[in-house]
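Peer 1: Note that the protein sequences, when read in sequence, are chains A and B. Under the numbering used here, the very last position in the first sequence is 296; numbers go up by exactly one each time. Under the numbering used here, the very last position in the second sequence is 592; numbers go up by exactly one each time.
Everything labelled a hint here was simulated from the structure, so no lab data went into it. Accuracy of the hints is not assured; some may be wrong.
Within a straight-line C-alpha distance of at most 25 Å, the following computed DMTMM-like cross-link-like pairs (lysine to aspartate or glutamate) qualify [as the list claims (entries may be wrong)]: (1) B/K586 - A/D153; (2) A/K228 - A/E158; (3) A/K259 - B/D489; (4) B/K527 - A/D254; (5) B/K563 - A/D193; (6) A/K199 - B/E544; (7) A/K271 - B/D581; (8) B/K584 - A/D285; (9) A/K228 - B/D581; (10) A/K231 - B/E552; (11) A/K288 - B/E570; (12) A/K22 - A/E50; (13) A/K69 - B/D547; (14) B/K586 - A/E274; (15) A/K271 - B/D487; (16) A/K267 - B/E517; (17) A/K271 - B/E308; (18) B/K524 - A/E255.
FRET-style restraints, in silico, Cβ to Cβ [said to hold, decoys possible]: (19) A/E248 - B/L445: 34 to 44 Å; (20) B/H569 - A/P230: 26 to 36 Å; (21) B/L445 - A/R198: 17 to 27 Å; (22) B/Q533 - A/P230: 28 to 38 Å; (23) B/H569 - A/R137: 14 to 24 Å; (24) A/G253 - B/E459: 13 to 23 Å; (25) B/M573 - A/P79: 12 to 22 Å; (26) A/R196 - B/R494: 32 to 42 Å.
Built from N, CA and C at the ideal position, the CB exists for glycine as well.
2 protein chains.
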Amino acid sequence: MTRMLVLGGTGETGSWFAKYFKEKGFDIAIWGPSGKVAIAEKLGVRYAHEIMKEVNESDIVLLSVPINKTSEMAKKVAPHMKPGSLIMDVTSLKSDPIRAMTTYTPKGVEVLGTHPLFGPTMPTMRGQTIILTPAGRKTGKWLHIIRSLFESDGAEIEILSAEEHDNIMAVVQALTHFAYIGLGAALRTLDFDVERSRKFMSPVYEIMIDFVGRILDQNPELYASIQKNPKAMRVRQTFILECMRLCEMADAGDEEGFKRIMRKAAKHYGKTHEALMRSDRLINDRIKDKEKQEYA
Amino acid sequence: MTRMLVLGGTGETGSWFAKYFKEKGFDIAIWGPSGKVAIAEKLGVRYAHEIMKEVNESDIVLLSVPINKTSEMAKKVAPHMKPGSLIMDVTSLKSDPIRAMTTYTPKGVEVLGTHPLFGPTMPTMRGQTIILTPAGRKTGKWLHIIRSLFESDGAEIEILSAEEHDNIMAVVQALTHFAYIGLGAALRTLDFDVERSRKFMSPVYEIMIDFVGRILDQNPELYASIQKNPKAMRVRQTFILECMRLCEMADAGDEEGFKRIMRKAAKHYGKTHEALMRSDRLINDRIKDKEKQEYA
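Turn these sequences into a full structure, and let the hints guide you.
Peer 2: This is the structure:
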């Protein structure tokens, strides 16, 4: 039986993975900085009262602590791991955690960076993407084992280097969240009545506003940490500069300039029409969902 | 038989409404500035070769020309309308068109502002919202007739004053589009590979990026004109200022400040958890849609 310790297993993401691996037949122990033994009881797993003893006896140590604690935690526990074991993380940045896990593990211990592109509100990993970032010479048998396991549950696995990962995520995560959080902050400053506005929205706007709400509903710690991606600063600043350029044109009534930026952006984007069709399907699903709610 | 002239009926939105009213049994003529008679033939409606004669004989004149041409067109045709008839528009701003239509119609002609919150890619108006802005003393029997017709096809009708309409749309439309167009422009400046990035996206990010593509795929004229809403300037500028505030905090590593803005925005937003639940359903629909495509 594979023995796994989930550090930060008392948090939402950690609990999600503890439950997942328990259902796969792993022998799970969890530990959290606040010592919530009750969560272990609820999950039906052990609580690691003696954390270093548990680290030493584990086949896998999974780090699910906040990103700003990940390197520190790796430094603390990795030296005590046994040969043939694996340390993996599930944080949303990869360069720093991979560097720390690689530096502090003894020889013979494997390292795997894992970034599940979904949150703990998802019931299963089916259809979700999980990025794995292997750690050079500290990669061995475990990469295949973890990959196969996730794939057998319908996850899409992508393999990237830690640096490529952080570059892509600076847009895919950091910029997306940033824009939605910026919208949420603007709605507040404008004192805009979101609930009332729902009456005047088409499904397109409702979907946008729901995604603003979705992000505002979740742990701000996570979203602040995603912005710490070292590649995100340039991306955020580029977005703001482009918005300023568009705004100046709109303010000045320069319709031609505005349309020119749109056309260039469309050309760079590429398959905009496929995007339109997919979003049409989503809108139709939303309408059906609303009708179902009304007749329920 | 109700006789209707659709000015701009050769365009996408105008054709959509020409087709809609034809199916309702109206006698339709269309006219467009480029004189595309073939579109009338394709729709199976008449082309108004003698535009002023047709205006004078119509029960309803529907303006579906670009927003920057709407007032000018109203000035040209409205004085020739017959008593008991109706002039209505389907543009996305309301204060200016209502003012023009009210000013130039003779006594006894009714005026109705109409803003369908959906584009011509939607197959029907079921589940879509249509805002009607009546024009004070130039409101009569037609408001009820048009309202009942749209409601019988499953549209949600909302009645607003023209000014309220423009205030709400400065956020609902102008700001939403502005943020998505700004994202599209940033992706271009960053030379970000959108197609490749789809491999590394969870459904949440895919939905966002599809809405960027959706807007970039459509007529830039429409999107530039929506930014001309006189209430939109303050809204755009507020959004940019909030983004700058967030960016400064993220750049400086001020996590507490960043989280504080998020929490305040969440509090103002209100029902964030309901938004999360709705967006979860949408994400699940999207996953099912993807699986269907893969097995098709």
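Peer 1: The structure should be examined with respect to each hint, and the outcome stated for every one.
Peer 2: Results for each hint:
1. B/K586 - A/D153: Distance ~16 Å between B/K586 and A/D153 Cα, so the pair holds.
2. A/K228 - A/E158: Roughly 23 Å separates the two Cα atoms, so the pair holds.
3. A/K259 - B/D489: Given pair A/K259, B/D489 holds - Cα atoms ~22 Å apart, limit 25 Å.
4. B/K527 - A/D254: Since the Cα atoms of B/K527 and A/D254 sit roughly 17 Å apart, the hinted pair holds (cutoff 25 Å).
5. B/K563 - A/D193: holds (12 Å)
6. A/K199 - B/E544: Roughly 35 Å separates the two Cα atoms, so the pair is violated.
7. A/K271 - B/D581: Holds - the C-alpha atoms of B/D581 and A/K271 are around 22 Å apart, at most 25 Å.
8. B/K584 - A/D285: holds (11 Å)
9. A/K228 - B/D581: With Cα atoms ~31 Å apart, A/K228 and B/D581 exceed 25 Å; violated.
10. A/K231 - B/E552: holds (20 Å)
11. A/K288 - B/E570: Holds, at roughly 18 Å.
12. A/K22 - A/E50: holds (20 Å)
13. A/K69 - B/D547: This hinted pair holds, its Cα atoms lying about 19 Å apart.
14. B/K586 - A/E274: holds (13 Å)
15. A/K271 - B/D487: holds (15 Å)
16. A/K267 - B/E517: Holds: A/K267 and B/E517 sit about 16 Å apart, inside 25 Å.
17. A/K271 - B/E308: holds (21 Å)
18. B/K524 - A/E255: Holds, at roughly 9 Å.
19. A/E248 - B/L445: 34 to 44 Å: For A/E248 and B/L445 the Cβ distance comes to about 43 Å; the hint holds.
20. B/H569 - A/P230: 26 to 36 Å: holds (32 Å)
21. B/L445 - A/R198: 17 to 27 Å: Holds: the Cβ-Cβ distance is about 24 Å, inside 17 to 27 Å.
22. B/Q533 - A/P230: 28 to 38 Å: Roughly 30 Å apart at Cβ, these two residues keep to the hinted range, so it holds.
23. B/H569 - A/R137: 14 to 24 Å: violated (46 Å)
24. A/G253 - B/E459: 13 to 23 Å: holds (21 Å)
25. B/M573 - A/P79: 12 to 22 Å: Once the Cβ atoms are compared, 44 Å apart, the range 12 to 22 Å for A/P79 and B/M573 is violated.
26. A/R196 - B/R494: 32 to 42 Å: holds (36 Å)
The structure does not agree with the numbered hints 6, 9, 23 and 25 stated previously, though it agrees with the rest.
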